[in-house]
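Using the sequences and the hints given, assemble the complete structure.
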Amino acid sequence: MDAPGQIAQNHRRLYAGAVFLLETPVSTRGIVRPDSDLGAWRSAALKLESEINSTVLGQEEVARLLVIAVFGRGHVLLEGDVGVGKTTMLRCLARLIGGGYERVEGTIDLMPSDLIYHTFVDEQGKPRVAPGPLLKHGAALSTFFFNEVNRARPQMHSLLLRVMAERSVTAFDREYRFPHLQVYADRNRVEKEETFEIPAAARDRFLMELEIRAPADPELQRRLMVETRFHDVDALLERLPHGLVAYEQLNDVAASVQSHVQATATLQTYALDLCRATSVPGAFGVRISDVDIERFVQAGVSPRGMSLLLRAARIAAWLRGRNAVAPEDIHQVFLAAIAHRVFLKPVYELRRSELVGEFLSQVLSRVAAP
Amino acid sequence: MFKTEFFNSLLTPAAVILAVLLVWPAAAQAQAILSLEVVEPRTFGYAIGDTLRREVHLSLRAEYHLENASLPKSGRLNRWLELAPPEIRTESIEDGRRYRLVFTYQILNAPRQLETVTLPQLNLGFTDDTQPLTTLVPALQVTVTPLTPDAGPDSSGLSPLQPDRAPAPIPVEERKRRFSWLVSGLLSLLAYGAARRWLMPVFAAGKLPFATAVRELKRSQRGKNTPGQYAAGLRIVHQAVNETAGRVVFAANLDEFLEAHPRFGHLRAEFARVFAASRKVFFSDADGVVPPDSSLPALLFLCRQCSRIERSTLRLGP
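Protein chains in written order, with the working numbering: chain A, 1 to 370; chain B, 1 to 318.
Hints were generated in silico from the structure; no laboratory data involved. Note that beta-carbon positions come from the ideal geometry of N, C-alpha and C, so glycine has one too. Check before you lean on any hint, since a few could be wrong.
Here are the in silico distance ranges between beta carbons for each label pair [to be verified]:
| no. | chain 1 | residue 1 | chain 2 | residue 2 | range |
| --- | --- | --- | --- | --- | --- |
| 1 | A | 273 | B | 298 | 25 to 33 Å |
| 2 | B | 256 | A | 357 | 39 to 47 Å |
| 3 | B | 215 | A | 303 | 34 to 42 Å |
| 4 | A | 251 | B | 267 | 47 to 55 Å |
| 5 | A | 273 | B | 197 | 34 to 42 Å |
| 6 | B | 262 | A | 158 | 26 to 34 Å |
| 7 | B | 219 | A | 219 | 53 to 61 Å |
| 8 | A | 280 | B | 174 | 56 to 64 Å |
| 9 | B | 256 | A | 273 | 16 to 24 Å |
Here chain B is said to cover these stretches of chain A; the calculated rule only asks that three of the stretch's residues, wherever they fall, bring their Cβ under 8 Å from a Cβ of chain B [claimed, not checked]:
| no. | segment |
| --- | --- |
| 10 | 262-271 |
| 11 | 317-329 |
| 12 | 337-343 |
This is the structure in C-alpha cells:
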C-alpha cells in the first residue's frame, strides 16, 4: 500500500501545483470468523433484514434478497418505478453495514474521470484535485449506487464493469482497490431516448436483478401516507444503528458461509439442470404459449451465472438456518439471479418483461428435483 | 271445353236476349228508371269450369243513384256456382247516369246427367236519398252437361271411371345411403365412447404413473438391498407424482397438488412423510442417509394405494 505522501508526489507530477486530498485507504482488520461464529452472524443478518423492513414497508421479499446479495458479496441491478424506496433502502443498507456510501446519477455527459476526481480552484487561487465519488472513501467504500445507469455512456459502463469485476480502478498511475464494494445500479425503464443499454457482459456481472414495486396492500399504502416517520427519510435513517454488521468482515463471513453450507450431488444436478434448461428449454419440455421455444433463447445462463446462483442459494439456505441447500433456496433466488442473464432472440427481446418471468416459472415447473 | 266455347262463339249473338223490361208497378220507379237492359248468356251447353256473363245496363235519372249494398255478394253461391266480384262502370248520360253491371258466374260442378242450374234473381236497389226503390232482374235457368259418358267404350281402355294414377316413386337410394352412413357413424361414435369408457381403462391402467411406479418399485425390491435403493425408490415416487401433477411437485407445493387432485387428499400425511424423507436423503448434508422410519415397502404401499385411486379416476372418465 502506498503512503499518502507517495500518492501526493505522483499526483504532483501529473498535475503540477495541484494538491491531492486523497484519504488513506482503511486497511481491513482481517478477522477471519470461524464457523462457530456463523450463528451470531446469521442473527445479525436477520436483524439487518428486519431493520430494512422497518424502514421500507412492504418489501419483505426484496429485503431478504438484498441481505442475500450483501452476504453473497454480489452486485445488484435494481429496477422499479420512481419513489418506491430504492434509494431509501440502499441508504438504510449502507448505514446498517457501515462503510462509505456514494451515489451518482447517470447522465449522458458523465465521463469516467468524473467518478475518479474533480478539479477546482481553492481559496488561494491554486488549482486542486479532489477525489471523485469512487475514490473518496478509498477501500472503505462499501455501497456504490449508480442511479439510472443506462443514461450513462458506454465508457461509464466499461468503468463500471472493471469496478464490479475486479473491485479496483486504476487512477493516477496506481491501482485503487475496494475490497468491500457492492455496486447497486438502477435502470431507467421509462425513457428510451438517449439511453445506452448495459452490455451483456456488464449485466452478467450483477448477482441479481431486483424488481421493486410499490406495496399493493392498501393498509401499507395508508401507513406510508399517514405515518409521519416515513416523511423524513434522514430522520428515519438516523434512528438505525450504525454498522450493525461490520462491512469489512463481510467478505470473510461470506466465504465461511459458502464453505459451511453444503450442496449435495442431487442438488448440484438440479441446479445444473435448471441452468441447462435456460439454454435448451425444448429438451426439458418447457413450453410458452405463442412462442417457438426452439427459437426463443439466444444465450442461456453463463457458467458465472450458474456459480452465482448456487452462491446466492447457499446464503438463502444459511439465512433459513440450514447447512445444506434445498430446492426452495434455489427457487427463492432463481428469478432474481437468472432473469437478467437470459438473452432472448431479437424477435422476443421486445416482449422480454412479459416473457422472461413466464419462461423461468415454466423452467422451475418442468425441471425435476430429484 | 272446346265444344262449349265453340257454341259460345257461334250462339252468343243469337243467345243475347234483349229484354227491355218495362217496370210498371210504382210510378216513382217508372220515373226513376230511364232504361233497363239485361244481356243474358245462352242457356245451354255449359260444363264444369265455364263462365257465364250477365250484363245489366241500368240508366237512372240524375237525382237517383245505385245502392252498392244491394248488389249480390261475390263468392260461392251454391254447389254449382261461384260469383266473381261484380264489375261496375258508370257513365253520365243526357239526363241521368248509366250503370253497366257485369256479373260473372262460374260453373264449379260436373253433373252425371244433364242438369238445370238457376242463376239467382237480382234485386238492384237505388235511391234519391229519400226513398229506397228496387228493380228486379229475374232468375235465369241454364243447363250444365256432364264431361264423361256414363259408360265409355271399353275397347280404347276407357272404362267408366279411371282409377287415380299411381304417384311416381320418389328416388330413395341416395337417402338410404345417407341414412346408412349416419347410422354407421353413430354406431362407431357409440363404440368409441364405450371403448373409452370400458375398454381403454383396461389397457391404459398399466401405463398410469403410479401403476408404473408400483411395477418399478417391485422390480427394485427384487434386487440387492443397497444404500442407493431407497433413494431410487424415492425418485420413482417423485416421478409418478410429477407426472400426475403435470409439473414438478416440491414439498412446498404439495398442498397445491393435493388440492388439484383431491382424490389423493386422504394420503396427505403419507405424502408429507415421503417428501420429508426425500429431503433428508437428497438435500441434507449427509448425502444419501436413509431415515430410519422409511422403507421401500412403505413407498410401495403408498404407490399401490395411489394406483388404485388413479385407476378408479380413469374409469370415471375424463
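A quick look at each hint next to the structure:
1. One distance hint, 25 to 33 Å for the beta-carbon pair residue 273 of chain A and residue 298 of chain B, holds here, with the actual separation near 28 Å.
2. Residue 256 of chain B and residue 357 of chain A have their C-beta atoms about 19 Å apart, which leaves the hinted 39 to 47 Å range violated.
3. Restraint check, residue 215 of chain B to residue 303 of chain A: a C-beta distance of roughly 40 Å satisfies the suggested window 34 to 42 Å.
4. At about 48 Å, the CB distance of residue 251 of chain A to residue 267 of chain B agrees with the hint of 47 to 55 Å.
5. Take residue 273 of chain A and residue 197 of chain B: their Cβ atoms lie about 40 Å apart, and the range 34 to 42 Å holds.
6. Against the hinted window of 26 to 34 Å, the Cβ-Cβ separation of residue 262 of chain B and residue 158 of chain A comes to about 58 Å, which falls outside the hint.
7. Checked against the hint of 53 to 61 Å, the C-beta distance between residue 219 of chain B and residue 219 of chain A comes to roughly 57 Å, which is consistent with it.
8. As the Cβ distance of residue 280 of chain A to residue 174 of chain B is approximately 57 Å, the hint placing it in 56 to 64 Å holds.
9. The hinted range of 16 to 24 Å is satisfied by residue 256 of chain B and residue 273 of chain A, whose Cβ atoms lie roughly 22 Å apart.
10. For the segment 262-271 of chain A, the assignment as covered by chain B holds, since 5 residues bring a beta-carbon within under 8 Å of that chain's beta-carbons and 3 suffice.
11. A count of 6 residues in the segment 317-329 of chain A with a Cβ less than 8 Å from any Cβ of chain B is obtained; the coverage claim is therefore met, three being the minimum.
12. Coverage of the segment 337-343 of chain A by chain B is violated in this model, with 0 residues showing a Cβ closer than 8 Å to a Cβ of that chain against a need of three.
Violated hints, in rising order: 2, 6, 12; the structure is consistent with all others.
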